[in-house]
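Please work from the sequences and hints to get the whole structure.
All you need for the working numbering is the position in the sequence shown, starting with 1, plus 62.
FYI, nobody ran anything at the bench for these hints, they're computed from the structure. One or more hints might be untrue.
Said to hold, decoys possible - The list that follows gives simulated cross-link-like pairs (lysine-lysine, BS3-like), each with its CA atoms no further than 30 Å apart: (1) Lys196 x Lys279; (2) Lys206 x Lys279; (3) Lys222 x Lys298; (4) Lys175 x Lys89; (5) Lys196 x Lys206; (6) Lys198 x Lys275; (7) Lys228 x Lys194; (8) Lys134 x Lys222.
Claimed, not checked - What follows is a list of derived Cβ distance ranges for each label pair: (9) Tyr83 x Ala124: 40 to 50 Å; (10) Phe170 x Lys297: 16 to 26 Å; (11) Glu293 x Lys254: 29 to 39 Å; (12) Leu128 x Glu179: 31 to 41 Å; (13) Gly115 x Asp263: 35 to 45 Å; (14) Pro265 x Thr118: 41 to 51 Å; (15) Glu293 x Tyr90: 19 to 29 Å; (16) Asn139 x Gly260: 18 to 28 Å; (17) Tyr99 x Leu271: 43 to 53 Å.
Keep in mind that this is a model prediction, so the values were computed, not measured. Glycine included, every Cβ here is placed at the ideal spot set by N, Cα and C.
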Amino acid sequence: MKPNENIELNLQLEEKKIPSYFYFWTKYCNYFDLLTYEQAGIVIKHICSYARGKETDPPEDATCNLLIQIMKQDIDNSFRKYRAQCENGKKGGAPKGNKNAAKDKGDFIECDKINYEIAFKISAVLYFEAEKFKYKLDDYLNRKQTALIAACYYFLDCDKFNDLYKNYSSLVDMIADQTAPTTCMEMKRLAKTYYESGEYDVPFDEAFLDASKRALKLLQISGEQLELFLEKCEKKFDN
Numbered sequence: 063m064k065p066n067e068n069i070e071l072n073l074q075l076e077e078k079k080i081p082s083y084f085y086f087w088t089k090y091c092n093y094f095d096l097l098t099y100e101q102a103g104i105v106i107k108h109i110c111s112y113a114r115g116k117e118t119d120p121p122e123d124a125t126c127n128l129l130i131q132i133m134k135q136d137i138d139n140s141f142r143k144y145r146a147q148c149e150n151g152k153k154g155g156a157p158k159g160n161k162n163a164a165k166d167k168g169d170f171i172e173c174d175k176i177n178y179e180i181a182f183k184i185s186a187v188l189y190f191e192a193e194k195f196k197y198k199l200d201d202y203l204n205r206k207q208t209a210l211i212a213a214c215y216y217f218l219d220c221d222k223f224n225d226l227y228k229n230y231s232s233l234v235d236m237i238a239d240q241t242a243p244t245t246c247m248e249m250k251r252l253a254k255t256y257y258e259s260g261e262y263d264v265p266f267d268e269a270f271l272d273a274s275k276r277a278l279k280l281l282q283i284s285g286e287q288l289e290l291f292l293e294k295c296e297k298k299f300d301n
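Given below as structure tokens:
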């Protein structure tokens, strides 16, 4: 086997690596209350196959299929986060005794729902995609532009760039085609359209400025410390 082929095989195996668990969110309970035991069994068996990477045909039952789609999306999100954590772990953290490490824990960032969700978008969407497509964000976006993109992901509740723009497989593809400033403007326009289609008390410009500032602050810490911040938020919310 040639060296390049070996690298490609390792990447494929890493992509297929299955995490040891995924969350069964309490929000599912209300859905399962509406199902019969037979329907519940169909959903569980389908989800078990999906979590192990064995895609099966969707059931004909529309109610079962609705819950399956919701659970599959949550599984995809948790698996992206898991793989992002694995990639960050390979890079290693700051050396023990490094004083800068103590300043880099993200303790200065408030542990709330908005910061958690934006941090998740940075880690499991922006950083994960950069790892997957082998590019560095800093080569294409400055820090403020990256924060703007992260805020857009937050408002659009998107976990894959291709879900937003079918003509591009990744963020960097669109930047290469339209430039970074144009991509930022287009994504902000899309986020504004999506936001204003709902009912919110806060005007979009005010909400977007707040989210961008939060993202900018989160981008000041390393990928490893960002994961620690996410874990801290999860523990707080679980309690």
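Can you let me know if the beta-carbon spacing of Glu293 and Tyr90 is within 19 to 29 Å? holds, 22 Å
Do the Cβ positions of Glu293 and Lys254 conform to the proposed distance bound of 29 to 39 Å? Distance hint for Glu293, Lys254 holds at roughly 32 Å.
Verify the proposed pairing of Lys228 with Lys194, using a straight-line Cα cut of 30 Å. holds, 18 Å
A range of 31 to 41 Å was offered for this pair. Does it hold for the Cβ distance of Leu128 and Glu179? Between Leu128 and Glu179, where Cβ atoms are some 23 Å apart, the hint is violated.
Restraint check for Lys134 with Lys222, where alpha carbons must lie at most 30 Å apart: holds, 14 Å
Given the hinted pair Lys175 and Lys89, is their Cα-Cα distance within 30 Å? holds, 17 Å
Taking only the CA atoms, is the gap from Lys222 to Lys298 under or equal to 30 Å? holds, 27 Å
Does the Cβ-Cβ separation between Phe170 and Lys297 fall within 16 to 26 Å? This hint holds: roughly 18 Å between Cβ atoms.
Status of the given 41 to 51 Å range, CB of Thr118 versus CB of Pro265: At roughly 45 Å between Cβ atoms, Thr118 and Pro265 fall inside 41 to 51 Å, so the hint holds.
Verify the proposed pairing of Lys196 with Lys206, using a straight-line Cα cut of 30 Å. OK: Lys196 and Lys206 at ~21 Å, within 30 Å.
Can you confirm whether the C-alpha distance between Lys206 and Lys279 stays at or below 30 Å? Status holds; Cα separation ~10 Å.
Verify the CB-CB distance for Gly115 and Asp263 against the hinted window 35 to 45 Å. Distance hint for Gly115, Asp263 holds at roughly 43 Å.
Of the numbered hints stated above, those contradicted by the structure are hints 9 and 12, listed in ascending order.
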